[in-house]
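Colleague: Residue numbers (our numbering): 0 to 134.
Since the hints were derived computationally from the structure, they do not count as laboratory data.
Simulated crosslink set (DSBU-like; lysine-lysine; CA at most 35 Å straight-line): (1) Lys19 / Lys87; (2) Lys120 / Lys87; (3) Lys58 / Lys117; (4) Lys32 / Lys87; (5) Lys117 / Lys49; (6) Lys13 / Lys49; (7) Lys13 / Lys72; (8) Lys13 / Lys91; (9) Lys58 / Lys91; (10) Lys91 / Lys72; (11) Lys72 / Lys117; (12) Lys19 / Lys120; (13) Lys87 / Lys58; (14) Lys49 / Lys87; (15) Lys117 / Lys13; (16) Lys58 / Lys19; (17) Lys49 / Lys32; (18) Lys13 / Lys87; (19) Lys91 / Lys117; (20) Lys32 / Lys19; (21) Lys19 / Lys91; (22) Lys120 / Lys91; (23) Lys32 / Lys72; (24) Lys19 / Lys117; (25) Lys49 / Lys19; (26) Lys32 / Lys120; (27) Lys32 / Lys13; (28) Lys72 / Lys120; (29) Lys72 / Lys19; (30) Lys49 / Lys120; (31) Lys58 / Lys72; (32) Lys117 / Lys87; (33) Lys72 / Lys87; (34) Lys49 / Lys91; (35) Lys49 / Lys72; (36) Lys32 / Lys117.
Just the calculated beta-carbon pair ranges, DEER-fashion: (37) Gln30 / Asp76: 16 to 22 Å; (38) Arg98 / Asn45: 14 to 20 Å; (39) Arg50 / Ala74: 20 to 26 Å.
Ideal Cβ placement from N, Cα and C applies to all residues, glycine included.
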Amino acid sequence: MQAFTLWHCGNHVKGYPPFKNLNSLMVEGQQVKRLSDLRFFIDVFNSIVKREIGAMVDKDVREAEQREWEAFKMAPDNLNEAMRMFLKYDEKFYLWLNRAGKTNLRRDQLKWSTYVRKLRKIGKKGMPWFRGYSL
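Construct the complete structure from the given sequences, taking the supplied hints into account.
Modeller: Okay, here's the thing in structure tokens:
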């Protein structure tokens, strides 16, 4: 959840802006790789959310969920809303990750960078639907 909230809200206490507003020219050295990893993690999470919403049977519910997700991504940073949206879909993300990676990652015990390594390891064959890869 920390990576998700940093991406959408930043950290007001430390004076960090929402990381979604940064690009690689705004950071230096090792931080470029971390920003790239964070962007990749968020892109995969967003892709899984879109798949889950698209799989909803009831058209009205599906459209309402889609509007809510898009409104959240476009809204000004709101920590409570970011945590609520992450918790709404995190179970689907972890289930998919463990199934695709054929492993059982310990949910609240790993850093987000560990998940990024796992996602990159799964790669193209495990995520042919991911928008970051051409089919």
